[in-house]
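Q: Can you build the whole structure from these sequences, using the hints too?
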Amino acid sequence: AQSVTQPDIHITVSEGASLELRCNYSYGATPYLFWYVQSPGQGLQLLLKYFSGDTLVQGIKGFEAEFKRSQSSFNLRKPSVHWSDAAEYFCAVGPRGEYGNKLVFGAGTILRVKS
Amino acid sequence: EADIYQTPRYLVIGTGKKITLECSQTMGHDKMYWYQQDPGMELHLIHYSYGVNSTEKGDLSSESTVSRIRTEHFPLTLESARPSHTSQYLCASTTGVPGNTIYFGEGSWLTVV
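Order-wise, the sequence lines are chains A and B. For what it's worth, this note's numbering labels the leading residue of the first sequence as 80, then goes sequentially. For what it's worth, this note's numbering labels the leading residue of the second sequence as 1046, then goes sequentially.
Keep in mind the hints are simulated off the structure, nothing from the lab. Backbone N, C-alpha and C define an ideal beta-carbon position, used for all residues, glycine too.
To list a few chain A residues with every Cβ distance to chain B over 10 Å, as calculated:
{"hint": "1", "residue": "E94"}
{"hint": "2", "residue": "S149"}
{"hint": "3", "residue": "V160"}
{"hint": "4", "residue": "W162"}
{"hint": "5", "residue": "R191"}
{"hint": "6", "residue": "V192"}
Some but not every residue of chain B turned toward chain A, in silico, with C-beta under 8 Å:
{"hint": "7", "residue": "M1086"}
{"hint": "8", "residue": "Y1093"}
{"hint": "9", "residue": "L1135"}
A: Structure representation (structure tokens):
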């Protein structure tokens, strides 16, 4: 069965420091890959997605993610974190084809930013 | 900016009550979804719809039911709420193109006492 693992439940970084959030997936074939962010009391907002092509994907708010097929990973990165980035981040995968929008989510990583 | 709305945002009700969580989108999306999210846990798909009069159960078993009579509207109903139904319920929608961006509502926090 497909699954998504986000090994870090909480991460704390200093403002201005770099960030990497880890995501590993278990899937029969290369799925669609997504990163979402959820601020307190808000819905989920799409940061970026990978379908095919260049394995380094650029997203909104200065985020990027790299797909590594050999490691079944899709880690999210940001070179310099801002206090407004404090939120919960979810990695998600979806099958290709007709059911591509039936996403499986990881448990999320809560990012805290200290000034 | 996503045009998908959920009401109520927060609800506290007693055991045995019937409740309906509303979800509406004005984007003309065919596909709509309900996810359940317990605090600190993954989102789990509980229902989805690929169009009017189409509803399917998701990966997580749920005692709730849904209907899709109009494209823009996808309400979720619990006939008799129990404390185990306490959770956050997130509605989402997208176009019919596989892999397209899924837009989420702000969620409905349900507490059953």
